[in-house]
Amino acid sequence: MKKLFLAAAVLGVVSLSSCKSEKEKVDAKVENTQENVAETVTDQVEAGKETIDKVAEVAKDFPTFANPEANDWAKRYAELAGEMKVAATAGDQAKLAELTKKAVDLSTELQKITQKLSPDDAKKLQEWSAEIQKQLTK
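Using my numbering, you'd call the opening residue of the sequence shown number 1 and step up by one each time.
For the record, the hints were derived by calculation from the structure and aren't laboratory data. Hints may be right or wrong, so weigh each one.
[Unchecked claim] With a Cα cut of at most 30 Å, we get these calculated DSS-like pairs of lysine-lysine:
| # | residue 1 | residue 2 |
| --- | --- | --- |
| 1 | K112 | K95 |
| 2 | K102 | K116 |
| 3 | K75 | K29 |
| 4 | K101 | K116 |
| 5 | K101 | K112 |
| 6 | K75 | K134 |
| 7 | K102 | K134 |
| 8 | K134 | K95 |
| 9 | K95 | K75 |
| 10 | K102 | K124 |
| 11 | K75 | K102 |
| 12 | K75 | K101 |
| 13 | K134 | K116 |
| 14 | K101 | K124 |
| 15 | K134 | K123 |
| 16 | K124 | K112 |
| 17 | K75 | K124 |
| 18 | K123 | K75 |
| 19 | K123 | K112 |
| 20 | K134 | K112 |
| 21 | K101 | K134 |
| 22 | K112 | K102 |
| 23 | K101 | K123 |
| 24 | K134 | K124 |
| 25 | K123 | K102 |
| 26 | K112 | K75 |
Kindly produce the complete structure, drawing on both the sequences and the hints.
Here it is in structure tokens:
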């Protein structure tokens, strides 16, 4: 009886200690994964903020035009660019799809507006919008 009790006690101790060791390994892996995810998210947020700042910097310096429609269009395009970058950084695909539709509408409107502008203003508007587009694709 003593041998049976001793064998059961040894088996219990061994099984409890091996479970504890496995639990510690799993806990360590989970903690490492959580740290990696947190670092990745932080890096992505920082990169997104930098890009948003660049887009905002370009967008805030939008040129002025003799045509008020062009000024209004530039303001709306700058706002749209900022919203698109925020949505892209957040990974919000539904918002991006909605904003892309707005961008297409603004592009169509741009073609109509550039026909009404002087050649210098049209060139300035095209270059400015291309610079913002370049910032968005980075």
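Exercise. Taking 30 Å as the top limit, are the C-alpha atoms of K101 and K116 close enough?
Worked result: Given pair K101, K116 holds - Cα atoms ~24 Å apart, limit 30 Å.
Exercise. Taking only the CA atoms, is the gap from K101 to K124 under or equal to 30 Å?
Worked result: holds, 24 Å
For this session: Could you grab the alpha-carbon distance between K123 and K112 and see if it respects the 30 Å cut-off?
Result: holds, 14 Å
Exercise. Given the hinted pair K134 and K124, is their alpha-carbon gap at most 30 Å?
Worked result: holds, 15 Å
For this session: Below or equal to 30 Å on CA atoms is what counts here, so check K102 against K134.
Result: Answer holds: K102 to K134 is near 18 Å, not above 30 Å.
Problem set entry | Pair hint K95 and K75, alpha-carbon separation not exceeding 30 Å | holds, 20 Å
For this session: Mind checking the alpha carbons of K75 and K29 for me, to see if they're no more than 30 Å apart?
Result: violated, 49 Å
Exercise. Do the alpha carbons of K75 and K134 lie within 30 Å of each other, as the hint requires?
Worked result: At roughly 17 Å apart (the allowed maximum being 30 Å), K134 and K75 satisfy the hint.
Exercise. Does K116 lie within 30 Å of K102 when you go C-alpha to C-alpha?
Worked result: It holds: about 21 Å lies between the C-alpha atoms, which stays within 30 Å.
Problem set entry | Hint consistency between K75 and K124 [alpha-carbon to alpha-carbon, up to 30 Å] | Holds, at about 14 Å.
Exercise. Within 30 Å, alpha carbon to alpha carbon, are K134 and K123?
Worked result: Cα-Cα ~16 Å, so holds.
For this session: Take the C-alpha atoms of K112 and K75, compute the straight-line distance between them, and say whether it is at most 30 Å.
Result: This hinted pair holds, its Cα atoms lying about 16 Å apart.
Checked against the numbered hints given earlier, the structure breaks only hint 3 and satisfies all the rest.
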